[in-house]
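Participant: Take a look at the letters that make up each chain.
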Amino acid sequence: MNWLSSNLDYVAQLTALHLLQALIPLVAGTLLALPLARLAVGRRRDGRSTELSTTGGKVRRATVINSAALLYTIPSLALFVLMPLILGTSITSLLNVYVALSLYVLAMMVRSAVDAFESVSPTTLEAATAMGYTPVRRFWMVELPLAIPVMVAGLRVALVSNISMVSVGAVIGIQSLGTLFTDGLRRNIPAEIIVGIIGTVLLALVLDRVLAALGAWNTRWRKV
Amino acid sequence: MNIFESTAAWFTAEGTWAGAGGIIQRTTEHLGYSALVIILAALIAFPLGLLVGHTGKGENLVVALTGALRALPTLGLLTLFALWLGLGLTAPIAALVILAISPLLAGVYAGIAAVDPITVDAARAQGMTEWQILSRVEIPLALPLIFGGIRNAALQVIATVTIVAYINLGGLGRFLIDGLAVRDYSRMVGAVLLVAALALLVDLLLAGLQRLTTPAGTS
Amino acid sequence: MNISLNTTSLNRRRFLGVLGVGASVSALTACGISGETAFGTGAQGGPIIVGSADFPESQIIAEIYAAALNQRGISAETRPAIGAREAYIGALQEGSVGVVPDYSGNLLLYFDAQSTAVTAEEIIAALPQALGETLAALKPSTAENKDSMVITSQTAEEFGLRSLDDLSEHNRQLVLGAPPEFAERGYGLPGLEKNYGFTPQSFEPINDGGGPLTVKALLDDQVQIVDLFSTDPAIIANDLVVLEDPKNNFLPQQVLPVINGELVSYAAAQVLDEVSAVLTTEDLIALNTRVSGEEKANPATAAQDWVAENL
Chain W
1 MNWLSSNLDY VAQLTALHLL QALIPLVAGT LLALPLARLA VGRRRDGRST ELSTTGGKVR
61 RATVINSAAL LYTIPSLALF VLMPLILGTS ITSLLNVYVA LSLYVLAMMV RSAVDAFESV
121 SPTTLEAATA MGYTPVRRFW MVELPLAIPV MVAGLRVALV SNISMVSVGA VIGIQSLGTL
181 FTDGLRRNIP AEIIVGIIGT VLLALVLDRV LAALGAWNTR WRKV
Chain L
1 MNIFESTAAW FTAEGTWAGA GGIIQRTTEH LGYSALVIIL AALIAFPLGL LVGHTGKGEN
61 LVVALTGALR ALPTLGLLTL FALWLGLGLT APIAALVILA ISPLLAGVYA GIAAVDPITV
121 DAARAQGMTE WQILSRVEIP LALPLIFGGI RNAALQVIAT VTIVAYINLG GLGRFLIDGL
181 AVRDYSRMVG AVLLVAALAL LVDLLLAGLQ RLTTPAGTS
Chain A
1 MNISLNTTSL NRRRFLGVLG VGASVSALTA CGISGETAFG TGAQGGPIIV GSADFPESQI
61 IAEIYAAALN QRGISAETRP AIGAREAYIG ALQEGSVGVV PDYSGNLLLY FDAQSTAVTA
121 EEIIAALPQA LGETLAALKP STAENKDSMV ITSQTAEEFG LRSLDDLSEH NRQLVLGAPP
181 EFAERGYGLP GLEKNYGFTP QSFEPINDGG GPLTVKALLD DQVQIVDLFS TDPAIIANDL
241 VVLEDPKNNF LPQQVLPVIN GELVSYAAAQ VLDEVSAVLT TEDLIALNTR VSGEEKANPA
301 TAAQDWVAEN L
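Chains as they are written, first to last, in our numbering: chain W, 1 to 224; chain L, 1 to 219; chain A, 1 to 311.
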């Protein structure tokens, strides 16, 4: 690992860029997924489990989930490359990566957020209404916190996939740990590529732990 | 000419579909690589998933393994293997097999592990051997989740097989990489549409197959 | 002095990388008014961003430009590996980078595929008109790096090949490996066909910019003829044969800086001219050897050493 010791600064710089390109889309994609998922689940009051029993509810749920899954069939390289065309951004802009990866996170998170909202017991929600919670307050104080455990599980999958996907941006010259792959290939330095692979996996595992810990902290009431 | 018109023009241009390097050839290659990758990955993931799911031993290992495999960047594996092995099928296929193992393994393992232990005990009480329990009870009951894993893997592999063109193989990724090299957006958009259509088609086929093979009563 | 300037530029780069395009956008608006001169006021809107193509030599030259500018007190940073010419010229035109190193012949063909210029001088003379209003080519260096058709000495012997002229007798017998764009560029397959009547047996697109995969494929006889850069250290190291090009299919390719006139000040252009005045082909081979050979030196390090020694 001679290569690593003489290029520590460079690797650190790329790691920081990688982190940024993984985290910003994760947050943006999740924030977009929440309202969509909530919409798909539909109204849940008066103890009826969900609106799923109605045809309209079924169609809406299927539309949201399937169109999100459709996004996932687009190769990441293609999405990166086509972003400037869609957004009118510069070819080398980081915005291309942010938007493209946010879409992937959105695609992954819609599904698990729907599951998460549906995992909340309708009886609990009814009880909250009975206690005088307004619908908005009930959402923030009861429904969302209770949906967090299932959502965190989905978020962890999205995070790990996202970190691996950031590296593809290197093919179009956007710097991240993926740059070590393209550069290592051109300059014939296997060690550089290995550093990139290990760095990416480490980053994913560490952030996964952090996210799991955050999720546990957020739901610490479960232990009480 | 805007991008929609130029993409339409690309699709209708002479030589786009037939002949060497045409859409038909590239689609066939794409499907061939994808099938090869999924079959090879299944050869590794299925026995492992069945074993761990049935015996319940090594569950932590499987969970950790699927997580770590998901984190491995395919582009990194591809470039590393290419440096070691040079051009040809081996490097890109090996990189993609590693990608496909994770969803397959997760599906098989979760499917078998989710079978009600009471059902398994009942089968054992009837005098079934362990192999009979696995093949006649657990696998049929686990089929929905196993198929879920296969469909997941197929979607990922068909989308990701595009990057084998980054080294020198064919497939629909050729249009993407070649288009990128000369900034021909219409060809790239065309490639995206083709890959998405292929992924959906294969997913529909697998869904149909799933319906045919799943025993009544499970969903 | 030199060191402290470089550190600030590195920190800046880290910071600006985070901000994305911010700097170049403000540079654009800052220079919008000064349209009457060929050069903008450049640095006042932020550092000059030196882009590069996605192969090591281009990155080395870009690092040289940036290091030279920084040494002369003009803040500059690099944006490496943007892609093929279509990509980095696009970035230059839209102003997200201010300078890129390029090669005279291919640059001309990119803008004017019908150009009849053949000699180095004709190419330089034809460039200003081809480049149009926004872009400008600065003075060329004597350093040259052409695409060249390379075979193993064994193939050369077996087929009796010395020049591209000899290829037409072996139509459809040799597999050609080159970057994907070679299939469509004027000097690529169309040029070989037109000038030498040569069609390969098949074309292997290898996307490593004439790097290790290309060389390995050649040495393993998976392909018999490849497109390498004439400054590639692998040619000498593996005793490869560069086929002569009597009909100038591959135009002279002098290294020169291409600038977006609105983003590069006159003072900065003078520094780049200074670099071009001393950069030689031998320098390029030596720098490539350091970066891609045994040493695996960082392009920025190799470039800074060269600047410290030569400027």
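Where hints are given, some of them may not hold.
As the list claims (entries may be wrong) - In silico lysine to any residue, SDA-like type, Cα no more than 25 Å apart, as pairs: (1) A/K296 x W/R209; (2) A/K194 x L/A13; (3) W/K58 x L/L205; (4) W/K58 x L/L209; (5) A/K296 x W/K58; (6) A/K296 x W/S6; (7) A/K194 x L/G21; (8) W/K58 x L/A13; (9) A/K194 x L/V182; (10) A/K296 x W/L144; (11) A/K296 x W/L8; (12) W/K58 x L/L204; (13) A/K296 x W/W140; (14) A/K296 x W/P190; (15) A/K296 x W/N7; (16) A/K296 x W/T15; (17) W/K58 x L/L206; (18) A/K296 x W/D9; (19) A/K146 x L/L206; (20) W/K58 x L/P144; (21) L/K57 x W/R209; (22) A/K296 x W/V11; (23) A/K296 x L/W84; (24) W/K58 x L/Q210; (25) A/K194 x L/G22; (26) A/K296 x L/G148; (27) A/K296 x W/Y10; (28) W/K58 x L/L61; (29) L/K57 x W/A153; (30) W/K58 x L/G208; (31) A/K194 x L/D184; (32) W/K58 x W/L144; (33) A/K194 x L/L204; (34) W/K58 x L/K57.
To be verified - According to the in silico footprint, chain W covers these stretches of chain L (three or more CB under 8 Å from chain W): (35) 19-32; (36) 47-54; (37) 161-175; (38) 206-213.
Derived from the structure by calculation, the hints contain no laboratory data.
The beta carbon of each residue, even a glycine, is placed where N, CA and C say it ideally should be.
Participant: Within the assertion that chain W covers the region 161-175 of chain L, do at least three residues meet a Cβ-to-Cβ distance smaller than 8 Å?
Facilitator: holds (count 4)
Participant: Check whether the Cα positions of A/K296 and W/W140 lie no farther apart than 25 Å.
Facilitator: 55 Å, violated
Participant: Quick one, are A/K296 and W/L8 close enough, alpha carbons at most 25 Å?
Facilitator: Within the cut-off at roughly 14 Å; holds.
Participant: Holds or violated: W/K58 and L/L205, Cα atoms, limit 25 Å.
Facilitator: Measuring from Cα to Cα gives roughly 23 Å; hence the hint holds.
Participant: What's the verdict on A/K194 and L/L204, does the C-alpha distance respect the 25 Å limit or exceed it?
Facilitator: 48 Å, violated
Participant: Does the alpha-carbon distance linking A/K296 and W/D9 stay inside the 25 Å limit?
Facilitator: 16 Å, holds
Participant: Quickly compare the C-alpha distance for W/K58 and L/L206 to 25 Å and report which way the hint goes.
Facilitator: Holds - the C-alpha atoms of L/L206 and W/K58 are around 22 Å apart, at most 25 Å.
Participant: For the pair we were handed, A/K194 and L/D184, check the Cα-Cα distance against 25 Å.
Facilitator: 24 Å, holds
Participant: Need the status of pair A/K296, W/N7: alpha-carbon distance at most 25 Å?
Facilitator: 10 Å, holds
Participant: For the pair supplied as a hint, W/K58 and L/L61, is the alpha-carbon distance within the 25 Å limit?
Facilitator: 38 Å, violated
Participant: Between W/K58 and L/L209, does the CA-CA distance stay at or below 25 Å?
Facilitator: 24 Å, holds
Participant: Would you check the hint for A/K296 and L/G148, treating anything up to 25 Å between C-alpha atoms as holding?
Facilitator: Distance of about 46 Å is beyond 25 Å: violated.
When each numbered hint is compared with the structure, violations occur for hints 1, 5, 8, 10, 13, 19, 26, 28, 33, 34, 35, 36 and 38.
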